[in-house]
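Protein chains: 2
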Amino acid sequence: MKSIVIAVDAMGGDNAPAVEVEGAVAAARKWGMAIVLVGDKVRIGQALANHDVTGLDIRIHHASEIVTMDDSASDAVRKKKDSSIRVSFDLVKQGQAQAVVSAGNSGATMAAGMFVTKRINGIERPAIATIVPNLKGQSLVLDVGGNVDCKPVHLEHFAIMGHVYVRQIMGKAKPRVGLLSNGSEEKKGNELTRETHRLLKQLDLNYIGYVEGRDVYSGDVDVVVCDGFVGNVVLKVSEGLAEAIGTMLRQELKSRFWARIGYLLSRPAFQAFKKKIDYAEYGGAPLLGIRGTGIICHGGSNVKAMTNAIGQAADSVQKAVNDTLVEQLHELSNQPDAAAVVAVAGTK
Amino acid sequence: MKSIVIAVDAMGGDNAPAVEVEGAVAAARKWGMAIVLVGDKVRIGQALANHDVTGLDIRIHHASEIVTMDDSASDAVRKKKDSSIRVSFDLVKQGQAQAVVSAGNSGATMAAGMFVTKRINGIERPAIATIVPNLKGQSLVLDVGGNVDCKPVHLEHFAIMGHVYVRQIMGKAKPRVGLLSNGSEEKKGNELTRETHRLLKQLDLNYIGYVEGRDVYSGDVDVVVCDGFVGNVVLKVSEGLAEAIGTMLRQELKSRFWARIGYLLSRPAFQAFKKKIDYAEYGGAPLLGIRGTGIICHGGSNVKAMTNAIGQAADSVQKAVNDTLVEQLHELSNQPDAAAVVAVAGTK
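Note that the protein sequences, when read in sequence, are chains W and L.
Mapped onto the numbering used here, the consecutive letters of the first sequence carry residue numbers 1 to 348.
Mapped onto the numbering used here, the consecutive letters of the second sequence carry residue numbers 1 to 348.
These are calculated hints, taken from the structure and not from any lab test.
Don't take every hint at face value.
Copies of one chain are not kept apart here, so a pair can be met inside one copy or by any two copies together.
[As the list claims (entries may be wrong)] Within a straight-line C-alpha distance of at most 25 Å, the following computed SDA-like cross-link-like pairs (lysine to any residue) qualify:
1. Lys201 / Asp57
2. Lys188 / Met69
3. Lys188 / Ser72
4. Lys187 / Gly299
5. Lys79 / Gly183
6. Lys118 / Val321
7. Lys188 / Gly299
8. Lys93 / Asp57
9. Lys319 / Tyr282
10. Lys187 / Asp149
11. Lys187 / Asp70
12. Lys174 / Ser184
13. Lys79 / Pro268
14. Lys41 / Pro152
15. Lys174 / His330
16. Lys201 / Asp70
17. Lys136 / Ser255
18. Lys41 / Ser218
19. Lys41 / His62
Whole structure, please, built from the sequences with the hints as guidance.
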């Protein structure tokens with residue numbers, strides 16, 4: 001990974017820049033990629049002074065502004081031109097880095113990626129994908145970003161992007177792609193899914209048709225396609241329910257003497273379970289469809305999540321997710337102008 | 001409850017008519033309402049012979065046909081005119097019963113309710129609501145039925161119906177009504193939620209604005225309003241995740257000796273927790289917006305769920321959910337013809 005350079009937005013997360021810096025040092029030590037920490041040079045320098053960086057290729061690139069969680073996505077990109085997130089993507093555009101990792105405002109990250117590096121030709125809307133643990137491994141749900149009002153063609157592109165990501169990164173030869181609906185029968189669905197279903201059946205993907213909400217966790221589908229509104233609901237309902245189950249279970253366990261003893265004995269099992277569903281193990285959410293690689297991390301990411309996200313970004317670059325996507329668009333897309341589209345995208 | 005008559009579709013569930021009959025006997029014994037078991041008189045008679053019905057007002061009303069899970073909703077209503085579900089609603093229309101309980105095809109139940117008893121004037125789309133347990137009690141999510149492509153006015157009606165149900169049945173004076181969105185800030189949402197948000201702000205409800213998926217389980221909102229597509233995803237994702245968490249946790253617990261001992265000691269706590277989230281404790285899902293009371297049960301309902309659903313139906317009749325809804329529509333609705341609408345509805 002010597003030749004791969006990752007731009008890390010050092011000012012994004014809730015505990016920036018400490019977590020970003022520590023994660024960068026750990027990732028560089030583990031995998032050997034070069035890292036550019038983007039943001040306030042004084043604060044990053046102070047954080048970096050706490051670590052031994054002997055033999056690591058870690059640089060600082062100064063950026064004077066910070067996009068906050070309250071900034072609107074477009075304002076952040078247009079008004080704060082020297083923000084750490086925008087400058088990170090500038091480095092990708094200028095060829096000084098191949099990927100961006102940020103734990104900042106995800107809407108702004110998506111907007112900056114689109115604005116600076118542009119979309120891959122043929123992709124109308126970039127998407128944010130999330131890796132979720134399931135009974136048999138992991139699946140990818142997209143979009144979970146801001147594409148709240150989608151057309152069928154947008155969902156078609158999400159399906160292609162999800163297919164490519166899962167094949168290249170998760171190593172599944174023929175990812176099962178499903179369209180999230182309110183039932184698995186063909187007569188189910190809404191206006192959006194019915195037309196999308198028609199489009200997806202025409203593609204040379206391993207499209208398994210409609211899947212239901214429960215399939216997100218069954219492990220019977222690898223790529224779950226939905227619009228960003230529904231994807232957000234899927235993630236937030238899951239977070240809320242998992243927390244509620246944890247809280248209720250703890251209450252019941254603590255209110256009984258023997259159960260309390262039992263809980264103490266079972267603790268290693270609970271911890272192993274927690275590790276299984278811990279997002280920090282997976283890193284971040286890939287931003288797909290832009291001419292560059294982006295990994296968006298949870299604002300509250302810890303060092304482990306940040307480290308894994310940087311590794312994940314380097315993996316995406318190494319496994320050429322974007323180039324493969326351009327090729328696949330050429331092969332799969334049923335757009336009449338697909339060839340022309342790909343010729344332009346290929347010049348990137 | 002002597003004067004209340006509940007029509008129970010005895011042929012609907014996976015274990016019909018045994019579960020329906022046993023549930024009816026238990027409910028009549030517990031609360032004293034009259035029950036009409038609708039369906040095949042021979043099979044119901046055989047099932048009823050296994051129980052002591054001394055002192056109970058339980059009758060059989062023959063219906064020769066059964067709507068299966070494979071029947072389409074409209075075909076079921078139009079083609080199978082002597083089906084147990086349609087005949088159950090006929091009894092309500094004729095004044096021989098005040099409510100229907102069915103564990104059959106929920107789309108057909110909704111269609112039969114609409115077709116036979118008609119909608120309450122002023123309500124464009126009836127909805128199916130589900131009671132979900134949360135950290136502080138219970139909340140109501142609607143629609144979880146088949147309204148997949150909704151207009152803002154439909155969601156407005158769902159909000160009003162949810163408000164009335166929670167106030168009358170759950171006894172909360174000022175139910176907090178939230179609109180499910182992809183974030184709590186006003187700038188979030190899609191086309192549907194933005195316009196609905198505008199409508200709901202004008203109503204004299206305790207409308208708290210956008211809520212997120214995680215709020216379904218936080219206990220900070222009493223009525224969660226969404227379209228039927230999103231509502232279905234909320235429920236199915238929840239079911240799938242709860243099952244997956246249970247399975248993964250059991251695997252971890254069983255793979256460790258001390259954890260296994262711990263699990264045995266903690267079992268009463270796990271059982272108490274299970275009871276807390278068991279839908280059988282709540283009965284069924286109220287069908288709101290028709291000129292009659294309908295409770296739709298899970299196809300796999302057990303006797304407890306069926307018993308509780310019958311009790312719930314009687315409770316809705318006794319607490320005059322529908323009459324209150326008509327009054328509230330009059331007071332709350334900002335439709336120009338609300339008064340006329342309610343005058344007609346009131347003649348029911």
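We went through each hint and held it up to the structure:
{"no.": "1", "hint": "Lys201 / Asp57", "in the structure": "neither (47 Å within a copy, 55 Å between copies)"}
{"no.": "2", "hint": "Lys188 / Met69", "in the structure": "between (38 Å within a copy, 14 Å between copies)"}
{"no.": "3", "hint": "Lys188 / Ser72", "in the structure": "between (36 Å within a copy, 11 Å between copies)"}
{"no.": "4", "hint": "Lys187 / Gly299", "in the structure": "between (40 Å within a copy, 20 Å between copies)"}
{"no.": "5", "hint": "Lys79 / Gly183", "in the structure": "between (44 Å within a copy, 24 Å between copies)"}
{"no.": "6", "hint": "Lys118 / Val321", "in the structure": "within (16 Å within a copy, 55 Å between copies)"}
{"no.": "7", "hint": "Lys188 / Gly299", "in the structure": "between (36 Å within a copy, 18 Å between copies)"}
{"no.": "8", "hint": "Lys93 / Asp57", "in the structure": "within (20 Å within a copy, 79 Å between copies)"}
{"no.": "9", "hint": "Lys319 / Tyr282", "in the structure": "within (17 Å within a copy, 51 Å between copies)"}
{"no.": "10", "hint": "Lys187 / Asp149", "in the structure": "both (22 Å within a copy, 14 Å between copies)"}
{"no.": "11", "hint": "Lys187 / Asp70", "in the structure": "between (42 Å within a copy, 11 Å between copies)"}
{"no.": "12", "hint": "Lys174 / Ser184", "in the structure": "within (20 Å within a copy, 38 Å between copies)"}
{"no.": "13", "hint": "Lys79 / Pro268", "in the structure": "neither (49 Å within a copy, 58 Å between copies)"}
{"no.": "14", "hint": "Lys41 / Pro152", "in the structure": "neither (45 Å within a copy, 50 Å between copies)"}
{"no.": "15", "hint": "Lys174 / His330", "in the structure": "within (18 Å within a copy, 57 Å between copies)"}
{"no.": "16", "hint": "Lys201 / Asp70", "in the structure": "between (41 Å within a copy, 24 Å between copies)"}
{"no.": "17", "hint": "Lys136 / Ser255", "in the structure": "between (33 Å within a copy, 17 Å between copies)"}
{"no.": "18", "hint": "Lys41 / Ser218", "in the structure": "neither (46 Å within a copy, 41 Å between copies)"}
{"no.": "19", "hint": "Lys41 / His62", "in the structure": "within (5 Å within a copy, 82 Å between copies)"}
The structure fails hints 1, 13, 14 and 18 (numbered hints given earlier, in ascending order).
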